[in-house]
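Chemist: Chain by chain, the residues run as shown.
Protein chains: 2
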Amino acid sequence: MTLRVAIVGLGKIARDQHVPSIATVEGVELTAVASRNASLDGVACFSTLDEMLGHADLFEAVALCTPPQGRHELAHAALSAGKHVLLEKPPGATVSEVRPLEALAREKGVSLFATWHSRFAPAVEPARAFLAQSRIRSVRIEWKEDVRKWHPGQEWIWEPGGLGVFDPGINALSILTAILPRPVFLTKSDLSFPENRAAPIAAALAFSDGAGVPVEADFDWRETRGEIWNIMAETDAGSLTVADGGKRMLVDGQVRLDEPDREYAAIYRRFAELAATGGIDVDLSPLQHVADAFLLGRRHVVEAFVES
Amino acid sequence: MTLRVAIVGLGKIARDQHVPSIATVEGVELTAVASRNASLDGVACFSTLDEMLGHADLFEAVALCTPPQGRHELAHAALSAGKHVLLEKPPGATVSEVRPLEALAREKGVSLFATWHSRFAPAVEPARAFLAQSRIRSVRIEWKEDVRKWHPGQEWIWEPGGLGVFDPGINALSILTAILPRPVFLTKSDLSFPENRAAPIAAALAFSDGAGVPVEADFDWRETRGEIWNIMAETDAGSLTVADGGKRMLVDGQVRLDEPDREYAAIYRRFAELAATGGIDVDLSPLQHVADAFLLGRRHVVEAFVES
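These protein sequence lines are chains A and B, in that order.
Just so we're aligned, residue 5 is where the first sequence starts under the numbering used here, counting upward by one.
Just so we're aligned, residue 5 is where the second sequence starts under the numbering used here, counting upward by one.
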């Protein structure tokens, strides 16, 4: 039984990942798209979700690829219409707005899937298994990239709810919370805001796991020498590195795993599984850590950011 | 069976509320105090919680009245020693840090009570009952006071994790989340930070309940003409006002209830009940809304705040 999916929001992430990944997954088919300005060949195109829901027989599921601000309303409408819903990350502009969606999905007997694409990176499960069997001494995250390269023209990321550097940083937190044996909580947060922007361009975070293991994270959007997306754990079984956003795993510098990125294909396989049973998969802990980082954050004002 | 309580942190809230309230509650007794600089006549006094835990036979329960920053560590130590723990509001400096405490309390078979003193105000339960039977059209919160009067010399409230104007504002949110029939979520947040401070002095918030009922909140610490601590709901059954922090309830301007504040006595009666059964009472929704308000907040810089 094929799961027919409609995408809302035909921006960068939808074109780069969702559309080509759906095409590779058996049992999932893209049948409709809602986008204000763009259209896609070969599928039914609409301007808005509301208009698309007027042709509800075209699809069983909706993938929301719009910015987080305003996503609650779209998810509410799609769930109310009895559609399974996939949420791009972050699942909302606030933590509190997601909980009522869970309740609504249960009421309607449909699936809600808050995706964290980095959790589907190939090194995540092996890293979790490694850490489960070792004694962790410390963890250090470096997650640095060039915002001009990765978020060209995306003004919403600089607006409240757009998360700023936490938009990539939350990927690291989604891996961290998946591979550590114990939950962590934030103890220190320093946020660097460009003087002309409402969201941070860099963040330095410290966490504790309640058992004395220090966890530090350094997020920066001003890295122009290439991407650094690494999580390093010092353990009694050696130094573990989840490298390149989770595509590679190293132990004491030796490559243990190096696989291509098929995160979004895995996301759609999982979505099809969930939809078959009306399953709910919503873990808000990465977004909770970001909210806590703003709550506990000390703000530092840095150089204005001008895109070009 | 008397519950013997030890207080940690002998600051303003402990002296104004906890100490005198405990004295009025049957079945609860203050037997020890830990404070860096202060002592109290008639009870055992220690400099630190650790030192006090060396005399653990003096008490079964610990009330943490220190600032939120650093409270997790104290709560962890007290729970680990097998003591019931009461947390002053807010229950932590972050949302995430409280969850592991719940798990620890369960493991130890002791109580954890995250208090929201305003929920024990006399108008709260009647207001909840009124709203449960009426159709709400809109809700408006005004929570304004003079920070110089209510928080003299409390530098921690201006530090990250100290919440600023949300320190009183969270009282309003604790009432709001107790009296509304449906959960709300934040949709807009404007935060005014004094140019020399790390926490806001005013906040303007908008919430939705997912059913189209607008909820607005206006928090301000610059009100010098007297306190305004009101929640007003327009309904088909009339205009409800929870006034004076919950001491009075009015419907269409007619006073329905006007009772003195006995919030903290009620808190300690509830704590004794919980301790008798190892019960857990931890609702983080007020703090979650504050974290969301920082996450989604647009920052505005206002005049420096100098205390005197």
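Hints are not guaranteed to be accurate.
Where chains are identical, the list cannot tell them apart; a pair therefore holds if satisfied intra-copy or between any two copies.
As the list claims (entries may be wrong) - Calculated pairs, DSS-like style, for lysine-lysine (alpha carbon to alpha carbon, straight line, at most 27 Å): (1) K93 <-> K153; (2) K112 <-> K251; (3) K16 <-> K192; (4) K93 <-> K112; (5) K153 <-> K112; (6) K153 <-> K251; (7) K192 <-> K93; (8) K112 <-> K16; (9) K251 <-> K16.
It is worth saying that the hints were derived from the structure and are not from the lab.
Chemist: Give a verdict on every hint.
Modeler: The hints, checked one at a time:
Only within a single protomer do K93 and K153 lie at most 27 Å apart by alpha-carbon distance; the minimum there is 19 Å, versus 44 Å between protomers. Proximity of K112 to K251 under the C-alpha cut-off of 27 Å is found in neither arrangement, the shortest distances being 37 Å within a copy and 41 Å between copies. For a Cα distance limit of 27 Å, the shortest separation of K16 from K192 across copies, 26 Å, qualifies, whereas the shortest one inside one copy, 33 Å, does not. For the homomeric pair K93 and K112, the shortest alpha-carbon distance inside one copy (23 Å) is at most 27 Å, but the shortest distance between copies (36 Å) is not.
In the homo-oligomer, the alpha carbons of K153 and K112 never lie at most 27 Å apart, since the shortest distance is 41 Å inside one protomer and 51 Å across protomers. Taking the shortest Cα distances, K153 and K251 sit within 27 Å of each other inside one copy (20 Å), while across copies they are farther apart (56 Å). Taking the shortest Cα distances, K192 and K93 sit within 27 Å of each other both inside one copy (24 Å) and across copies (20 Å). Proximity of K112 and K16 under a CA criterion of 27 Å is satisfied in neither setting, with 31 Å inside one chain copy and 50 Å between copies.
Taking the shortest Cα distances, K251 and K16 sit within 27 Å of each other inside one copy (21 Å), while across copies they are farther apart (53 Å).
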